[in-house]
Amino acid sequence: MQTGTKISGIAHLGLIAIAIFGGAFRSEPLPFEVREVSVISSEEYAALSNPSRPPEIAEQPTAPSEPEPAEPVAETPTPVARPERDPVPPEPEPVPEPDAPEPALPPEDAATPDVDRVAPEPVPTPPQDARPDVVEQTEVAPEEGADIPQEAQQATAPEQATDRIVTEAVETAPIRSPRPPRTRPTAPTPTPVAQAEPTSEPEPEPAPDRSTAVDAALAEALAGPAAEPDAPVGPPLSAGEKEALRVAVSQCWNVDVGGRSSQVVVTVGMSLDQSGKVVGNSVRLIDSQGGNDQSVQTAYQAARRAILRCQKDGYDLPAEKYAQWRDIEMTFNPERMRIK
Amino acid sequence: MKKILASLLLGATLFSSPLAAQDGPLRIEITEGVIEPLPFAVPGFVPESPAAASQAEQLTRVIAADLTGTGLFREITADAHIGQITDFSAPIQYADWKAINAQALITGSVGVSGNRVTVRFRVWDVFSGAELGSGLQFVGSTDGWRRMAHKVADQVYSRITGEGGYFDSRVVFVSETGPKDDRRKRLAIMDYDGANVQYLTDSSSIVLAPRFSPRGDKVLYTSYESGFPHIHVLDVGNVQQRVLEQSEGTMSFAPRFAPDGQTVVYSLEQGGNTDLYTLDLASGNRTRLTNAPSIETAPSYSPDGAQIVFESDRSGNQQLYVMPARGGEARRISFGQGRYGTPVWSPRGDMIAFTKQNNGRFHIGVMRVDGSEERLLTASFLDEGPTWAPNGRVLMFARETQGAAGRSSLYSVDISGRNLRPVRTPDGGSDPSWSPLQQ
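Here the protein sequences come in this chain order: A and B.
All residue numbers in the first sequence are consecutive under my numbering, ending with 340.
All residue numbers in the second sequence are consecutive under my numbering, ending with 779.
Keep in mind the hints are simulated off the structure, nothing from the lab.
Warning: the hint list may mix true and false statements.
[Unchecked claim] Partial list, computed: chain A residues near chain B (C-beta under 10 Å):
(1) G4
(2) I20
(3) Q160
(4) L245
(5) Q294
(6) R326
Quantities reported herein were computed from a predicted structural model and do not represent experimental measurements.
All C-beta atoms, glycine included, are put in the ideal place defined by N, C-alpha and C.
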């Protein structure tokens, strides 16, 4: 026999021997962790994983358990077992109401109470004094002079709950636009109030004034823009188009930084014709801030010069948007140029 | 009521703003402009007779020089003109002046009759195609033609800038000749632009710090005639002068008129201590305003006469203080590095000009009357003694060059820090004091 075959044979025999008798040489078994596992039924598991399912859907509704004695119960029931996945917090057992018929599905248009908590059965609003608890119990106050001393007991009631999650779409989707109609709201007719005999007390501020002022403000805000007949139409000027106009005028706006007119902000209105040229005499002072009359006038003249001088053959503005730039209000604010 | 209305309006505004952004006129805000002289054209004033031709030409040149000298205007010279003004009453061809980018146009005519000269003029806003203000006519003697030119320029300046003019004003100053170690000083008076210099004193004694009265008819100054500094007052009309304050064993200096022209505030040195006093010109009563062991000097009234700004070294070095005109607690207003002196309250009342010395250099600066917004307008080896133009827009001061051959001369600068330019005087000049606008 060849040496290699011998070595191989010996090695194989050794291996077989270890396989057979190896157990005799095994050391102490390694320590291992023992966990107790409770076995739950499939119904219980289903109840855990889908606790909010209404009971009537189950084929075999579980018989309601007997009401627990009116003893203080733990705030949160101990979970039976902890499933491997992140568990849904187990809901407390449904409040047993043996006499109550199975909750029927509310009609579609039934009003849903606006409550946060969702439970298999809707629970009405608890009495105000009641402490929230899963079991309802009446208040017991120790009666003075009673023969049998009674333990004081606070009234408890189940938390208010509903049996449906009402989505925003169902609850709040408006049928009509909430915006008020663009019509001038009619002023409320002041109801004639039977006045008492005139007294010597000072008369309160007349109410019609308030309603008129509020109405006017509301009407102006709501109906004003829509009612404006000259509102421009078409797309607004792009930022670039506005910037080009701004730059064009800036180049001709000469600011006397040492003068008092540099303390004045003026707003100048003007109208342009379709070629972008200022309509004759349409430049006007609309508003001003700061300075005296003389410096306002000087600031206005400088602004007017800037507008008229830089128009040349007309400002370069998109013809198709003429309605947007026919009337312009330009504010000249020298604040950033002012010497400090 | 107000709360309800306010909340309703706020709601309405919020609700309507997206709509309003698209309605109404297009709104643009311009926040950047240019700072450049405004181009103007002043074609030669039309002479109403051949005799007036030379006067018309001179007047036109002075008007143009006044305006360009401010740094706010740039003349478009006659060779660039397209249009010609040959008739003062003819309508303006705006296109001719728009073509050369003249934003303002000044037209006028000059008539001479004997020693009377009549100047008529109009100012036009070329791009608006309208007259700025209305036509005006001045009549005066042929000798005073320069003043008439200044008055026309003041009107043009005022109509375009919205501020009072300052061309028809004079400056009193110390005229200096000779080297530094043997300098001869005398009082001189001139037009604001350096023309028409006249000497008010001879150079036999040292004179310092002349100050105009509010009406421009008198000048206060300090003279060493007696060997010690004492205050004198001089009548500009007849050049008569007298000593105002010469108490035995004292030195008086740094005088300045109150806005009422009846009171003079000044420094009086007595027994080694210098304090501020006022002198009532009518009664000769002297009132002490400060009482401190430090040096108080260089007082200047606010235009309303209610306060006085002055310099004092009470804090250890020279700083500026403001106190009530009748004396009382002084409030320090200068807090920057260096030393501050010679404060002068602006005729507008909104600023105080001063001399500042810091890091071996001198500056003319301005600050708000509460000491805020300090700005230095100049810097040199030696700048000092600012004085305000009547409109509070320009400062004149003295600048001295370095070295034994150093010379002091007058400069003016706009309060924006621009347009620093020398004022031409026959000799050296220092201690300028600007008069009010002449009537």
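Check your understanding: Can you give the numbers of the hints that this structure goes against, from lowest to highest?
Key -> Per hint list: 1, 2 and 3 violated.
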